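A.B. asks: These protein sequence lines are chains A and B, in that order. Anchor point for the first sequence: position 147 equals 147 in the numbering used here, and the numbering is continuous, going up by one each time. Anchor point for the second sequence: position 387 equals 387 in the numbering used here, and the numbering is continuous, going up by one each time.
Residues from chain B shown here face chain A by an in silico Cβ test under 7 Å; the list is partial:
1) Gly-55
2) Gly-253
3) Asn-359
4) Gly-362
Note that these hints are calculated values from the structure, not bench results. Since this is a predicted model, take the numbers as computed values, not measurements. Positions of the beta carbon are idealized from the N, C-alpha and C atoms, including for glycine.
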Amino acid sequence: MKKHLLAGVATAAVLMAGAFGASAATLDDVKAKGFVQCGVSQGLPGFSNPDSAGNWSGLDVDLCKAVAAAVFGDATKVKFSPLSAKERFTALQSGEIDVLSRNTTWTMSRDTQLGLNFAGVNYYDGQGFMVRTSMNINSALELSGASVCTNTGTTTELNVADYFRANNMEYELVAFEKADEVVAAYDAGRCDVFTTDQSGLYAERLKLKNPGEHKVLPEIISKEPLGPVVRQGDDQWFNIVKWTHFAMITAEELGVTQANVDEMKASENPEIKRLLGAEGDFGASIGLGADWAYSIVKSVGNYGEAFERNVGPNTPLAIARGINALWSKGGLQYAPPIR
Amino acid sequence: MAMNEALHADEPPKVALLNNPAVRNALFQVLLVLVIVFLVYSALSNMYANLAAAGIASGFGFLNNPSGFAVNQALIEYNQAESTYGRVYLVGLLNTLLVAFFGIILATILGFVIGIARLSKNWMISRLATVYVETLRNIPLLLQIFIWYFGVLRLLPQPREGFDFGPLGLLNNRGYFAPKPVWGDGAQFIFWAFIVGVIAAIAVSRWARKRQMETGQIFPAFWTGLGLVFGLPVLVFLALGAPLTWDMPVAGGFRPRGGMTIIPEFIALLVALSTYTAAFIAEIVRAGILAVNKGQTEAAAALGLRNNFILRLVVVPQAMRIIIPPLTSQFLNITKNSSLAVAIAYPELTSVFAGTTLNQTGQAVEIGSIPMLSYLPISLITSAVMNWDNKRMALGERENDREDPSRRAERLADPEDQPER
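Assemble the whole structure, with the sequences as input and the hints as a guide.
C.D. replies: Shown next as structure tokens:
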């Protein structure tokens, strides 16, 4: 009996030693298992949201699909893990997911203390406030004494604290673990204000009983650069995710779209040639095939197309490009050259 | 181990030392301890090495960093600008203890009432109690918390249309805003009078018991005690000229100002925890009372005891012995179940510390272990108190009657050796 116990304990020890410490080469792992495991939100329309059949769509989802397209040439080789704000970093650190694409704000402490790397910004956001139209409030500065509903474990909680403190206003914070509970509590009248990233406000407003009775206040109280995150210490995988995002922006800049990518392959423009793998060896430099960027554009389109499809003016969210336009059109989206 | 077996096979009976059961036992125990120590050590060193390799911060230094976020219920001074994560921990811990403390009291009262109601001879009352127990204990607690929370929120009006109970405060969906007592000069004497009252009440009850034992006369110790505990502070209060004013909540703005706020999250959690646990306690109470032999009641009646004395002096003390151990488990459950509050924004330990703080710092290992090590002593202390109470109840009056069974058999066989009557 005791011998069995000892043997069991020894086996457990070996297993534990093996399970600890995620292995370094994420690309090899991903290729071996045949899909990219992508951490997304638990349902944020426009960014990562499942439909009734369980198919995920959204701007953040498209980034994961693009990574899968770059690695496998097939955008469907991706599996999604819905994560709460609280769970997301641990899931990435522990190796449960390969990339976190979950409207996550890039901050210095997250970048430096969590063993993570932010691979770019796929949506420039800022924190805003939503209130009931019936309250006749036109500025966040009129919110002194208000009850504020938000998610726990987000930069949102810290920003709202800073904002109210800086303006000498009081408030009551009511913080929930899940976004759906925040929406339910706000809808039930527990709070006067719902605060999160402004894109999130537009998205969550769709879940309210009467979306028309609520409005987003004009103030933006913070910088919220949202982007994909990978584990620190695996530069190859970091490069793949980073350049997947850049390839989508470059494609938009060069006018390469999902529809015309095949014709563009024959283009004489050297920049397009380098992007689509007709010239140079850029795919190999990140451990992928020469047509990595071609696959991305072919299966999910360029950045502008993904934006229009998921959050743009013709979607229920109706968000204008604004600061998310290309740098050449007055926005902030800018990709280093592929050369 | 393999070597042991090989030795066995070669020369079975001669190796006396290894075959000595005591030696072998000790050997395996020592081996097991060594393996466990090694495992814990290697797991910890492995963890720290991996955390360092992955570039993840570790250690407990973060407890001194400013938290920077707000908490909607703090029993101690909490200021988001200056308070640290360590302070957040204390705030969360106290909120857990607060809801557990009131939850235990409410659940116990409600549980005893319903448990006794289930045994009622009134068909209606016993049926209602049965329905209560079967409904409440068969619906998952998390669901009940949601129902109470969102149900309460939807029923209560907006602050501007809230209920105004005049001197009793205001009620709306931001919570219950009660008047807050503001004590004037000399208020500490009232507290001391209360303490003196409690001590005096204990003394009176001891004296009454002693007198009853000696003379058989009954003294109304309970009512005297009650008078001492509450009457004395009231007398002092009046003698001091009633040094008490009330800070009344004032409606207006987004939510009332002033007074004491009881947030709806606390109300919902408290109600859900205590009604749910009361269903289990009711069953425990019913079982305890039913387990007291009917002969006890009859014997007490035959001695001429009145009904309420039968219950208080004969049935309840015996039932308590059966009730207390499972009751302890329910108390522990309340404390641990309070962590479900994470779903409804009540800022207890799991929510603000194992939740928000974890996310702001990312130190999962440290923050995972601190709450675990916090719930453990809370539970152990609760257990210890209940065990002490259990011991007190279990021994006591029948101690003198305890007798070794073999001794009893001998005594019964020997007509000379009878106890004096």
